[in-house]
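> Put chain C on the given structure of chain Y with help from the hints.
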Amino acid sequence: MLKALTYLATRSAWNRFASQMRRLRTPRYVIALLLGLFYLFVIVQQQRAARGDDPHAAGWVELAAALGALGAAAWAWLLGSERRALAFSPADVTFLFAGPVTRRTLVGYKLFRSQLAVLVSVLLWTLLLSRERFGVSVWLRAVSLWLLLTTLSLHRLGASFVRSSIKEHGARALRRRLLAPVAACITLGIIGWTVWRASPALAEAARGGGPDAIVAVLTAIALQPPLAWVLVPFHLIVRPLTAPSPGAWLHATWPALGILAAHVVWVISSDAAFEESAAEYSLSRIRRETPEERARGTLTRSRRRRLPGLLRLEPTGWPAGAIVWKNLVAVVRLRPIRAIAITGLAAGLGTAALSFGRGTPAAETLGSLALVWAGVMFLVGPQWVRNDFRDDLSSFALLRSFPLRGESLVAAEVAGSALVLTLIQLGLLTFAYLAFLGNGDMPLTLGDRTLALIAAVVYLPPINYAGMLIQNGASILFPAWVRSDRIGGVEALGQNMLLIAVHAGALVFLVAGPALAGTGLQYLLRPFLGGWAEIARAAVAICMLILETRWIVRWLGGVLERTEPAAAGVG
Amino acid sequence: MIAVDGLEKVYGDFAAVQGLSFQVGSGEVLGLVGPNGAGKTTTLRSLAGILRPTRGRITIAGLDMSSDPVAAKSVLAFVPDEPHLFEYLTVEEHLRFVGRLYQVADTEDRIPALLEELELIGKRESLPAELSRGMKQKLLIACALLHRPKALLLDEPLTGLDPVGIRRMQATIVSRAEAGAAIILSSHLLHLVEEVCTRLLIMHHGRALALGSMAEILEARPEMAGRTLEEIFLGIVGADGSGD
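Same order as they appear, the protein sequences are chains Y and C.
Under the working numbering, the first residue of the first sequence carries the number 1, and numbering increases by one thereafter.
Under the working numbering, the first residue of the second sequence carries the number 1, and numbering increases by one thereafter.
Looking at chain Y on its own, in the form it has when it is part of the complex:
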């Protein structure tokens, strides 16, 4: 049986790779591949040219990596998605779930398949970190990376089994699998308590000391019990990465291997939970019913069907408006938007009230976090918000049958996700604005902050439109290379980091020209218009960005009209 499953996994991976390589007969794909290889080459060369790391920095790097690993584990327990961890294809369910295959074998198959993604990530990270560091060779570092990523991947899978089992069977499952959730709860409690206790020092460092002071505070916190105890196993799994010599590496690897082995035992022994969760999930996938839908059992079906009045679709108007509407309906159906909005508003008002109180930095801390997230959303938002062409890739043929020009289709597909991302960012910025409402010590006055919020309303839509255009453009130009589903988890850390880097580069490239032109005009007009020159800057920058995106939309629309579903490898 194992041979059959190994054959299935390896042949599928090879055939997928071969089919993607066959796309290289199209010049567009060749250019993309060459650019990608050149990008990796430049990074590797830069790495090689740089000097080795200071061995004293090893402890630092180890601490940062341990904190990162702790964060990944905490995410798996708190916000992890069972969907991806338990995902089997409809064909897997048809042939394997109905076949003479034990659940344990299926878990093994799942682990083997995730190894393919882990190995690609290890390869990418090894290339990105190809310089000799801390005296250990690149090969040993590759092994260390594999140990770390595999352990985290197993942890995520194990956590998803436990969560699914508890969600499905409640207290009965909790009693059977008490140890892991209790340990996770204690760990999460310690993290929460530590963050709360440290928030005054962090806020103080953020106010006066800058990044170095923040790092110093974080280091001090991480070295104090009880967080230091929690971090011990995480130190153990990342220590091989920073070992100063081959001997030290060997010494550090045994504990890491032990933790890996413990995870393998934990996951394999979770086969009962797997049976309950993976099979159910995968079958529900075939029915095209999402677990989120079922999880939101508190909402009745009829209530979920009812759309907000804002989402009423008139029968006449811009025809492609139907596409924007469809994509927004998908978001409303998938997420409890009203509950999120009400909770966000209540939290914002509560935080605003807190901001008027003296001696508590909680509002500032939360406000700062919201600001940081609003910024981070420029990079990770387009990966998360996918209610656009990427979601419709499997319906490419159907889209082509609609009476719409390619450019209308592209414009409408991008508009939906850009709007959602903008609303998320505006929500975070409004939250931050409320969190600092009562703060009179800030360098920016309340009036300045209000203007900044208004400016965000003006600037964010075109910037996010450009960002989403990059993502959708990749799907239109390289439909056979772009996956319609988001690859998640630590297994795909390398691929996702690369994607985010490429996205960031392309977004900066798109926005830089309009921003420079606007700033130049503002510089010229300031002697005559004073503060009003700012409006001229905004107008020019936004108009240029709109013209730029319009040109790209037209070009991508033309490409879309020329692309055939079969040639693109989609239906």
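Just so you know, not all the hints are guaranteed correct.
Said to hold, decoys possible - Derived Cβ-Cβ restraints for the label pairs, each shown as a range: (1) Leu-547(Y) with Glu-116(C): 48 to 54 Å; (2) Ala-341(Y) with Arg-168(C): 42 to 48 Å; (3) Glu-116(C) with Glu-314(Y): 20 to 26 Å; (4) Thr-10(Y) with Gly-160(C): 33 to 39 Å; (5) Val-120(Y) with Ser-213(C): 55 to 61 Å; (6) Glu-116(C) with Gly-513(Y): 53 to 59 Å.
Stated by the list, open to error - Among chain C residues calculated to face chain Y with C-beta under 10 Å, some are: (7) Arg-45; (8) Val-70; (9) Thr-107.
Because the hints were derived from the structure by calculation, they are not lab data.
Every residue gets a Cβ at the ideal spot worked out from N, C-alpha and C, and that includes glycine.
Frame of chain Y; chain C shown alone:
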């Protein structure tokens, strides 16, 4: 209404469709039959504007598909063989979506009648996940009929329907043809094709082997007189040296 002249579709060195020419007039139902891989779906997808023909010309109600695809697509409707639906739109919302795409001003008035005709009235608030394959097929057909298309392209529309559903679908097809639509119907259910279609196009290896009414096809092959469409089909395809 539908005019195809010298249609050819080539993938690399494989010709999926070659030298295909035919016309379907208003009120006519053309049955497109052929073994698997004959080029039926490629032909229908080319007519629907999903595929770009390698050579040849397609016009729908006088509108050229290659030079004015949006106008040509506005007057036709295509029902694919696989019922792809949008998973977060309900049955009723699918119809509203199509109404906006095709600018159907009386969408709201037409929805109840269409849902009634296709026996979907009880499922108006259901998501695709809650529909059987046959119901999905019916929803696709309802979407196709919403904007009163002048040309209707149906690729295996009877797959997944129960016997009653098939009979009702036949009636729907006939009534649309009587209302003046030009219809092309691809199906492997030859006895039903024989009942519904006014003319037949038998395809094999991307070519047309026979085109015309049953009487015209039999006139060209007197040795097949008195046979059913299935026997004629097997005779023609077999004579072509097939081995599907």
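> Each hint should be assessed against the structure and marked as holding or not.
Here is how each hint holds up against the structure:
{"no.": "1", "hint": "Leu-547(Y) with Glu-116(C): 48 to 54 Å", "verdict": "holds, 49 Å"}
{"no.": "2", "hint": "Ala-341(Y) with Arg-168(C): 42 to 48 Å", "verdict": "holds, 45 Å"}
{"no.": "3", "hint": "Glu-116(C) with Glu-314(Y): 20 to 26 Å", "verdict": "holds, 24 Å"}
{"no.": "4", "hint": "Thr-10(Y) with Gly-160(C): 33 to 39 Å", "verdict": "holds, 35 Å"}
{"no.": "5", "hint": "Val-120(Y) with Ser-213(C): 55 to 61 Å", "verdict": "holds, 59 Å"}
{"no.": "6", "hint": "Glu-116(C) with Gly-513(Y): 53 to 59 Å", "verdict": "holds, 56 Å"}
{"no.": "7", "hint": "Arg-45", "verdict": "holds, 7 Å"}
{"no.": "8", "hint": "Val-70", "verdict": "holds, 5 Å"}
{"no.": "9", "hint": "Thr-107", "verdict": "holds, 4 Å"}
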